[in-house]
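*Asks:* As you go down the protein sequences, you meet chains A and B in turn.
Take any residue in the first sequence, note its place counting from 1, add 634, and you have its number in the working numbering.
Take any residue in the second sequence, note its place counting from 1, add 171, and you have its number in the working numbering.
Keep in mind the hints are simulated off the structure, nothing from the lab.
Hints may contain errors.
Unchecked claim - Derived coverage of chain A by chain B (criterion: at least 3 residues anywhere in the stretch with Cβ under 8 angstroms from a Cβ of chain B; other residues may be distant):
(1) 663-671
(2) 766-773
Said to hold, decoys possible - BS3-like cross-link-like pairs, simulated, lysine-lysine; straight-line CA separation at most 30 angstroms:
(3) B/LYS242 / B/LYS388
(4) B/LYS173 / B/LYS242
(5) B/LYS179 / B/LYS388
(6) B/LYS242 / B/LYS179
(7) A/LYS772 / B/LYS173
(8) B/LYS387 / A/LYS813
(9) A/LYS772 / B/LYS179
(10) A/LYS813 / B/LYS242
(11) B/LYS173 / B/LYS387
(12) B/LYS387 / B/LYS242
(13) B/LYS179 / B/LYS387
(14) B/LYS173 / B/LYS388
Ideal Cβ positions, reconstructed from N, Cα and C, are used throughout, including at glycine.
What follows is each chain in one-letter form.
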Amino acid sequence: MSDFRNPYTLSGAGLFMLSSLFVCYITIKRISTPSIWVALYWIIILFTSFNAVAKSFVNESRSRMLYYYTLINPAQFILAKMCYHAVLMLLLSIAGVVIYSTLFQMTIQDPLLFWTGAMLGSTGLAFVLSLLSTIAAKAGNNLTLLAILGLPILLPLILVSSALTKNAIDGLDWAVQWKYAFVLLGLNVVCFSLSVILFPYLWRE
Amino acid sequence: MKLPFALKIASIILVFFALIAGFLVDVPRLDILNETIRNLFFHVTSWFAMVFLFIASFGYSIHYLNTGNAKSDLLAKIFVQTGMVFGVAGLSTGMLWAQYTWGSYWVPDPKLNGAAVALLAYLAYVVLRNSMTDELARAKVSAVYNIFAFVMMVIFIFILPRMTSSLHPGNGGNPAFSSYDLDNSMRIVFYPATIGWILLGLWISELKYRIETLHKKDEEFSNASPIHLDGD
Numbered sequence: 635m636s637d638f639r640n641p642y643t644l645s646g647a648g649l650f651m652l653s654s655l656f657v658c659y660i661t662i663k664r665i666s667t668p669s670i671w672v673a674l675y676w677i678i679i680l681f682t683s684f685n686a687v688a689k690s691f692v693n694e695s696r697s698r699m700l701y702y703y704t705l706i707n708p709a710q711f712i713l714a715k716m717c718y719h720a721v722l723m724l725l726l727s728i729a730g731v732v733i734y735s736t737l738f739q740m741t742i743q744d745p746l747l748f749w750t751g752a753m754l755g756s757t758g759l760a761f762v763l764s765l766l767s768t769i770a771a772k773a774g775n776n777l778t779l780l781a782i783l784g785l786p787i788l789l790p791l792i793l794v795s796s797a798l799t800k801n802a803i804d805g806l807d808w809a810v811q812w813k814y815a816f817v818l819l820g821l822n823v824v825c826f827s828l829s830v831i832l833f834p835y836l837w838r839e
Numbered sequence: 172m173k174l175p176f177a178l179k180i181a182s183i184i185l186v187f188f189a190l191i192a193g194f195l196v197d198v199p200r201l202d203i204l205n206e207t208i209r210n211l212f213f214h215v216t217s218w219f220a221m222v223f224l225f226i227a228s229f230g231y232s233i234h235y236l237n238t239g240n241a242k243s244d245l246l247a248k249i250f251v252q253t254g255m256v257f258g259v260a261g262l263s264t265g266m267l268w269a270q271y272t273w274g275s276y277w278v279p280d281p282k283l284n285g286a287a288v289a290l291l292a293y294l295a296y297v298v299l300r301n302s303m304t305d306e307l308a309r310a311k312v313s314a315v316y317n318i319f320a321f322v323m324m325v326i327f328i329f330i331l332p333r334m335t336s337s338l339h340p341g342n343g344g345n346p347a348f349s350s351y352d353l354d355n356s357m358r359i360v361f362y363p364a365t366i367g368w369i370l371l372g373l374w375i376s377e378l379k380y381r382i383e384t385l386h387k388k389d390e391e392f393s394n395a396s397p398i399h400l401d402g403d
């Protein structure tokens, strides 16, 4: 993958998240309502993920793609990409939660569930955006196009993960929460398998 | 693709039946709902037609990916376009209904948001198609996106509203229209109306398909013509 050879993508995404966190902190300073706290967190993560994942395919040159094509089959390629993006998003969102909750104080009543929601949400973002950025790359490396394509598709994921994390802050009972956790896990599985199934069709030109 | 003549006649009869009987048939007298219950014949039927057309488009996209048949790609695109017309019809009739029963054209409800976002996803499909010029790549890429969008639409419209509370009839413990309709008088109009709108949607798609095929032939013909009449 070109990301390690060109570490600016990695540090760029991290820096993007950090600066947007600080912009929010400077402008808002204090958040007392859990729903707004969660909404702001997911908005920051959403745009960070666009930055982190989108760059990855855009940076791959045509000749390097051809080189990959001779080495491995498409399913392996997308699996590798998705795993890498999932790990990247996990690291980013761990850092994000830690920094965000130090800047904006909020008592999370059910930390385990909150982390589950935050982690599953970010892996889901990584899976969906891995495929969508390939699509956008085929249509001329257009970041605007990725946003248009991605936002409606990502909304169910954002909706469920923000509901789960908000309920975790409020400390709702597992009897209510397991439904959201289950659907979030299901969304991850659906996005993952759709990407693996559909990518081989995009691969060949 | 060609719709049999009998089905076209049936579509005209059923749609006119739905329009006339929809306003004239006896409906249950209920508080708040009053006469707006007649929206069942227009709003719910448009959504059914939309979902039917999107399923057709989804099927043709899968068929395209498996066979590479250019016709399937064209049909997938046309079914999305016709489906969106019905989606807009369903959204606007729903908004009118909401104004008279909920007191506002738009409320923050999972079902409503899901519907709006699903339409946005299909608009994105149209934008994606327009942004690419290479026909083969466009067909492939848009088929993949269409499949993704369809799965997400199913999750958004049919699964998520069932999880949370929703004002929408048939969700979150609210009774659906059918439970008000004790003597089944509304079904007599509802089912024919659904079939009528679906057939009308297929008919519109068929006409669009034939027009686009003719355009394509026309282009091919003018490109292939070896004689240039403009004199240079």
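*Asks:* Work down the list of hints and note, for each, if the structure agrees.
*Replies:* Going down the list of hints, with the structure as the test:
1. 663-671: violated (count 0)
2. 766-773: Result for this restraint: holds, n = 4.
3. B/LYS242 / B/LYS388: holds (13 angstroms)
4. B/LYS173 / B/LYS242: This hinted pair holds, its Cα atoms lying about 13 angstroms apart.
5. B/LYS179 / B/LYS388: Satisfied, since the Cα-Cα distance of roughly 26 angstroms is no more than 30 angstroms.
6. B/LYS242 / B/LYS179: holds (22 angstroms)
7. A/LYS772 / B/LYS173: Violated: A/LYS772 and B/LYS173 sit about 33 angstroms apart, past 30 angstroms.
8. B/LYS387 / A/LYS813: violated (50 angstroms)
9. A/LYS772 / B/LYS179: Violated: A/LYS772 and B/LYS179 sit about 40 angstroms apart, past 30 angstroms.
10. A/LYS813 / B/LYS242: Not OK: A/LYS813 and B/LYS242 at ~42 angstroms, beyond 30 angstroms, violated.
11. B/LYS173 / B/LYS387: Holds, at about 18 angstroms.
12. B/LYS387 / B/LYS242: Satisfied, since the Cα-Cα distance of roughly 11 angstroms is no more than 30 angstroms.
13. B/LYS179 / B/LYS387: holds (25 angstroms)
14. B/LYS173 / B/LYS388: holds (18 angstroms)
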